[in-house]
Every structure is written in structure tokens, then in C-alpha cells.
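Chains as they are written, first to last, in this note's numbering: chain A, 988 to 1423; chain B, 6 to 300; chain C, 181 to 487.
It is possible that part of the hints are untrue.
Pair by pair, the computed Cβ-Cβ distance ranges are [stated by the list, open to error]:
#1 B:157 with A:1133: 41 to 47 Å
#2 C:338 with A:1161: 35 to 41 Å
#3 C:238 with A:1025: 48 to 54 Å
#4 A:1132 with C:335: 56 to 62 Å
#5 B:75 with A:1284: 57 to 63 Å
#6 A:1286 with B:32: 53 to 59 Å
#7 B:90 with A:1132: 18 to 24 Å
#8 C:395 with A:1260: 56 to 62 Å
#9 B:75 with A:1373: 30 to 36 Å
#10 A:1234 with C:353: 24 to 30 Å
#11 B:205 with C:394: 34 to 40 Å
FYI, nobody ran anything at the bench for these hints, they're computed from the structure. Glycine included, every Cβ here is placed at the ideal spot set by N, Cα and C.
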Amino acid sequence: MRKFKWMAPAMVAALVLAACSGNSEESGGGGGGGGDLAEGDGEISVTSLWGGAEGEAFQAVLDAFEEKTGIHAEYETVRDDYATVLSTRVTGGDPPDIAIMPGIGFMRSFARDDLLIPLEDLGIARADIEDRFAPGILDIGTVDDVLYAPMVKFNSKSTVWYHPNDFADRGIEVPETWDDMVALQDNYDEPAWACGCADTWNLTDWFESIYIRQHGVEMYDQLFGGELPFTDQSVKDSIAEMAKILNDESLVGGITGAFGTTFTDAIGQTFAADNQAWLFYEGGFVGGIALGQVNEDLVIGEDIGWFDFPPINDNGSPVTIGGDVIAAFVADSDVAEFMEYLISVEGGTVWAEQGTIISPIIGVDSSVYPNELISQEAEQVANAEAVRFDGSDLLPAGSPDLGATLQTAISNPDGIDQALEEFQTGVENAFADAEG
Amino acid sequence: MTTMETAVGRPARTMSERLSRFVAKAPIHVALIIIGAIWLLPTIGLFITSFRPSSEILSSGWWEVFTGRWNFTLENYETVINSQGMGQAFINSIVITLPSTLLTLLVAALAAYGFAWVDFPYRDTVFLVVVGLLLVPIQMTLIPLVGLLRDIGLYSTMPGVWLAHTAYGLPFGIFLLRNFFITLPRDLIEAARIDGASTWKIFRTIVVPLSVPALASFAIFQFLWVWNDLLVALVFAPRPGGLPMTTQVNSLLGTFGTEWHLLAAASFLIMLVPLIVFFSLQRYFVQGLLAGSVK
Amino acid sequence: MSTAPAAASTSEATGSKTPRILQGWNAAALVFIAPAVLLLAVFLIYPAIQTIVLSFDGGLSNYQRLLTNDPRFLNLTFPPRGAIVNNVLWLVFYTGGCIVIGLIVAVMATRVRYERIVKAIVFLPMAIAATALAVIWRFVYFPNERSGLLNAILGIFDIGPISWLGDANWVNFALIVAGIWGSAGFAVVILSAALKGISTEILEAARVDGASESQIFRRIIVPMLSLPISVIAVTLTINVVKLFDLVYVMTSGGPGNASSVIAVQMYEQFSARNFEYSAAVAVVMLLILVPVMVFNVRRFRSERVVA
């Protein structure tokens, strides 16, 4: 019937608009519970941006799932252009059954366009799974009170990487406070810190770790929830704290050098055989890259280790995390079964055993992690007084890059006000787009 | 276009003449060698890097190998080549690129001939619109096309990819070839016409044979473009199992890190086929481009 | 130079007054043009119209925001900043650089016996995929002497190190150099081919008359190359406005917003599913190029007359 629709642009336009506003035939009417789910065909498609070791680990989970249920999951990695490709396929009407969502803002924009299947429509009620997760974890994947996307893996972003042997040799204590951490540089003649600040998310992680400790979780929630503007004095205060370490005296290559260094290269500077830097702040995933790609001779606990990002004042040391959520675009029984498996202790355990992720599922025992770097990381998050998600990932998709703004603010302190004003303008536009 | 002899001129007769010529040209040699070195060095760096272990890539520059410290390794290539589905991806690259190139060549040549030698109303306006389409960003075309190709059953099929690549390559192809075709000798075409040759026959027996260089040069451009494409394949190629080499690299890379060692090896593997094509067609290439721009 | 094209060109230039040597054009034209027009209509024209329609979703608000309230796109402080300003930088230096390198190599290479090798080397980067560019240039621009070739070389002279991609003062030029490296081959090939059209007799005659090499270059070669140079300039200008891959893989527009360009802005908005807004950016890209295309078409028309 629609065979020659391209000959009538008006019709096509209407169709595309319809496609944009949601594929109602597939979302099963919404809120209908699990009983009326379409029967699956024994095969599901899963898209993510995990390749390499992460991809292999996830494949192990898929294999275990197939072993258990007989449902085959066809896995596709898209890395470059992930957002474009996923967005195009979904909006064009050919979504994968299940997709990993990079960035919560991205997931929300799909949810607001009614393209995602609520978990409830897959027969999974929030009340039934609430106690499997730490408090607040499921809120991350909730949009307008509907749970779409449970978090299935995460990493701590409150880990500061160092050389334990070097600390022992120099008689340095692991810092207990932010001031101690700033003072670490005094033990070295040359700059001791590396930053892969060319990858701007490294800077946002620095900022978030400082902000949440300096101003507390409430203001953190307000700032990244759009209730507190980025032009607020508290933001400038945290940037000033950042600059105590991210400066020409403490960074290998100085500020501009760090801005021209990628994340992986910064790990190289810190942990390669002939290392120039001794200290590096980034998330728990640094360990896997350092051991796997940078230097296979590293000995855990001697050449490589991490300590908690220390508290700044009496706001304590809440832990920030980054992670991925999984959402369904199609509702059928196979998809429901897969989703249920991923949020089960069984599935979480298989995944955790691979050593690339921390499972957010409480029932996954910390003893299953293959090395102490990761099991400690799991414990850090489990024992944290408060856990918050990576703030920049919570901003609506289309927001300007916070890390890029921080680059401007740090390299040119006189321009901070203007940079933050421009950023705030962009964030407001993005919030408006997300709601409108 | 008609003067094919080079400015090198007639051969030098005596030793001293040769020498004095060489000295006179010394600045030219120096300049060309410097430019050649600048243009070659980054690629040589990539090539050497692809044979170094990742730990060394992350701690020192590739020129370190000339100081004798080179733990030569084929591991990067092994990882890339042995990755799941690499052989299939190579075949897919060929299956996507060859028809996409040939089809574009055919359709563009036909249209270019039409715009150059067949009279029809609004010819120049239509030509202007076609050339103007060079400006449309591909990203903006994707979403409407996914829906459309699904409806006509071509989405996620090889013919769908071929047609997409053909369409995206047409504006430049028509532009380039039309500018060549209008420089063909009018007398020749007119004579053939008077002899009763059909428009089609003129195209086949006069225009195409005389335009081999232009056609070859455009073919290489199109080949390079399709071979190196990532986005069009990710959206339109059949899944699973129909994706080309450029997308295959995805499955080797993690979320956070940058695997320079694998990227270097993969880049070279992907470059290999275009280089072979380029060098085997270079002579056509150099002549062909002369076409569009020079009278 | 041959005379045949001149005949063809004259008739082209006069358009409809041309005696129609190919009568019965109706059927013929359809056969030759139809496949291309059909494909273009489906794959480019129809989405282009959609894009334009989409960009006006919400009236002119997308354009209003783009031009007045999006400092990343255009910031009319002094000095002006924003993606569009960087495109202008590219336009001047990238286009100019490619043509200068193209001229140097093309003119000089015709006078040596390893001409084809030099041209092949300069053309080589055109065979390299955009994703590989980030890898290649990482080893050149790395901000220290250990891993960055450029800093290692400067280090010999005790200069630097400079963070080519991390310093807002350098990043655009570092990217433009990478761009010239990638595109100069195009200019070289066209220009050297054009040079072969200049008869050697003219050059020899000028030399016999005692003209210096630089005089020959300025007085004879450059004027005769003005047409191909304009062709290259127009093609490269289109490249500049659509420029995306190189910037995106090497800096994503950073540090700060220092190296962003229009197409990167469009891509980011598109990825964020702000389709209407990215459509507006795309339309602005198109509008910027309209004068270029008009110039282009005029150029080709006059070219036909001249030839």
C-alpha cells in the first residue's frame, strides 16, 4: 500500500512524523503487563558499543543466556557513530531488540519520544526487582516515573591511581583529605600527575568528584538536575579546587600538554615501563587498560593500585559512578526473558566473573571478581555513604560538552564567567528541547 | 591536453651538460625531496607503529626503532586478521565496493553524456540542481531513507547499499564527467551523427572510448570513497553478516581506551586494496583529471 | 591546445540557439538522464526537502537560536569566535595551502624524472580513511618529545614542546596542516595535468628570450592555470563547509570549542536527536554554499566561452 510513497512527499512527511512520534504497534499499547507479550522467535538482536575485552565479556553473558534458555542473541558492536546509527535505525523504524545506552540523556530522549519499552510491559514490575539493587540505582533509568532502563554494569569514578611501591619508597602516606592529595605533588621534583584531558570526560569526572565532596550530594543533584545554574559560585569554587592539581606545576606537559593527551596516553604516561607520571585520576576501568594494553608486567599492589578520592570537607566522600543502562525497543517474550536474565544474580555473576565490570546487583558476591583491583572497587561502591551517577551523563542529550567548558575555564581563568554563561545557555536550550 | 611531452625536454647529450642541468635544478630537487619527505613521514610512522607492541607505542615514538630498540611484532595484525568475522568483512567490502563503483560509473556517465551532448529543456537548470546536491550532508538523508527503503524492501540488503552509494556518488561523478565530455571534439560526434549513428551508439563507440582516462579517475575516487565508508554501511548494509572491514574494527575497541596498536594495523590493512587499485590505475588517473579542468 | 573543444564550447555557451545536432532528444534524454535523476530524487532531493521542512518546525525559532543564541556556532564578541569562524580560517588557509603546495609540486615535478613518484607520494594520503587520520597524526602531534615527531624535531633546536592539539592557539593550524596533507594531492594532480596543456614551445621561447624562472612562473604559468585553480578552489570550498571527519576524529572540536566547525555542530545536535535543530544547521550550510555554486556555474559557463 505504501509502496510508492516516495512519490508523494506530503505523505512521506506524514509518515516520518508518525515514525518519529513512536512505533505504537511494537510497544504493545503500554502498561499492559507481561501476560499478553508476543511470542519471540528464539532470536534477539543486541547492539552496544562494547568491543575488545568488554565485548568478549558480554558475549560470555550472551552465551550463558543461550545455554540456559535456547534463545540466541545476535550481538553487534557499533563504536564510532553509535548515537547516529542507533538513532537513525530506531527513528527509521528498524530498532535492535535491545540496546546499550551511552549516556542517560540519550536514553531519556528515546524514552520521551516513546520509542522504548517500559520494563513493566515486559512483565517486570519495579516493586519485584527493587531490592536487587542499591537504593537509587533504578532511578537512573527512570523517566517520568516509568522504569525503562536498568543499569547493568558500572564503574567507580572515585579511584585515584598510583604506584604503591613508589609511595613506600618516598615514604608517602595515602592521602586522607583533599589537601593531602594536593600536597602529594610536593614529594616530586617534576610534575607527577597525568591527565588525558584531550578526552573531555576526564575533566568532567574531576569536576564531579570535587563538586560532590565540596558541596554535598544535594547541591550535586540540583546542579545536574537543572535546578541550579552552572553560573553559580559553587561551580567556580570547585573549578578553583580543580586547578590546585590541574595546573602547569603538577601536570606532565602542563595544562596544554594534558589537553593534547588522550585518556589512554595518560595511562601510558603513568604506568608504561619508563613512566613520566606517578599519579592519575580516573575510574575503575583504568586498571584493565593499564594491565592489558599499557604494561603487562605491572604487579597489582606494587606497581599499580588505587586509593579513594579523599573528602574535601565535612561533606564526606560520596562515590560517583559511571555506567551503562540497557533498554528494549521491542516487546516480546524473548526480550523479556533476556532482560530478566541480565538483572538476575545469575546473569550478573557470569558477567562479573569476566573482570571487566562491576555488577550493580546486590546479590553478586564480591568474591567472584577475578582480581583485587576490581573486588575492592565493588566494595568501595557497596560501602559508600552515598552513590551518585556521573552528572554530565545525566544532562540532557544536546547539552554542550561540560569538559570542553572546563578546558576553557582552566586554561583561561579570566574567561570562566563567559564560558559558564555559554554553557548554561546551551544546557537550558537542551533542557527545553528534552521537554518540548 | 594535446601536448603530452614533458618539460624535462630533450635528453642531455654530454656528461657536462647533464651535470650543469643537475646543478641548475638542485633547488628543485631539494624542495621536492623535502615535500616528499613531509608527505611520506606520517604514513611511514603509521606503518612502523603497526609492527610495535602497544606498551612501546605508549612509551616512545616510532622513530625509536632506528636506534635498534624494536620488539618487532606481528601480533597487532594477527589480532585484527583473526578477529571474528574479518574474512567475511573483507569479502563484504569487495561485494559492496565493486558494484557500487561500477553502477555509479555507468549511471553518472550516461547522465553526464546527456547533460553534455543531448539537448532537452531546462538542461542547465537540472545540471545546476544536480551539482548543488554535492552539498547535502549525508547524515540528514539517513532517517527518511531507512523508512523508505524498508517499504520498498531494499533496506538491509546489498542492492540497497549499492543504490545508496551510487546516489551519493552521482553529483560529483556527473559534475566531473560532464566537464570532460563537453571537451570532446564536436566534429567527431557530428560526423557520426550524419553517418546515421544513434545517440546510444555515439555514446558507446565514441564518447566512452575517448573518455577512458576520465572514467578511470572517477572510478578511483568513487572506489576510495565507498571502500573507506563507515556510516552508510552501518545504516544500510545487511545485518548480521553484511558489514565491511571499516566497521569490523569496531569490535576490537573498548569503550574508554584507544587501542593505537590495533588501529594502526587495521588502518594499513584497510588501505591495502585502495593502494593497489591506485597504483595500477595511476596513469589513467593523472591524465583523466586533466579533463575536467583544462581546455 | 586543440581547437575541437572550442567549437563545442561555443555552441554550449549559446545554449538554445545551438543547432540541434542530436534531434529527437525526448526519448534519448530520458534514457540517459532518467536513472540518475530517479536515484538523486529518492536519495538526495527528497531527504533534502524534508530537512528544509524539518528545520522550520517551530517557525523560525531554530534559526533564531542558531544565529543569536548559540555561542558554539557563532559568537559575535570581539574577536568573533565559534564554529563558523573556524570554517573561515579553514577556507583561507586550507584552500590556499592546498593550491600553493599543488602549484609548487606540480610545477617543479614536471622538470624532474621522478615526477610520477613525487605525485604518487603526495596523492597517497587520499587513499587513507578518515578514522586512520587520528592515528597517524597522534604520532606527529603528541605533546612531548618522546612520542611526538614534530616536538622531537623541534626539540633538536631546543624549541617546545608544543601541545599542537591541546593549545587553542595552535589547534586550528595543526588541523589545517593535516587537512592540507590529506588534500594537496588533489590539487597536484589537477594542476600538473593542466601544466601539460601549456605548450613547451612557449616556455622554451620565454627562456630563450632571457626570462627568469620566477618570471616564467608568474607571467606565463600562473595566468594559464587560473581556470584549474578556480576549479580546485571551488571544490575545496565545498570540502571546507562540509568538513567533519578530520576535526571530529582528531579533537572533536576541542580544546574548549576552539577547533569546532559547522558540520561538527550539526552532527552533535543530530546525535542528540535534536533533528529540527541539526536540520537548521544543515540548511545554513547549504545557504553558505549557494554563492559558491553560483560562482562555480558562472565560471564554467565563461570557461566554455573562453576556451
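Each hint tested on the structure:
no. : hint                          : result
1   : B:157 with A:1133: 41 to 47 Å : 35 Å, violated
2   : C:338 with A:1161: 35 to 41 Å : 39 Å, holds
3   : C:238 with A:1025: 48 to 54 Å : 37 Å, violated
4   : A:1132 with C:335: 56 to 62 Å : 60 Å, holds
5   : B:75 with A:1284: 57 to 63 Å  : 19 Å, violated
6   : A:1286 with B:32: 53 to 59 Å  : 58 Å, holds
7   : B:90 with A:1132: 18 to 24 Å  : 42 Å, violated
8   : C:395 with A:1260: 56 to 62 Å : 59 Å, holds
9   : B:75 with A:1373: 30 to 36 Å  : 51 Å, violated
10  : A:1234 with C:353: 24 to 30 Å : 25 Å, holds
11  : B:205 with C:394: 34 to 40 Å  : 52 Å, violated
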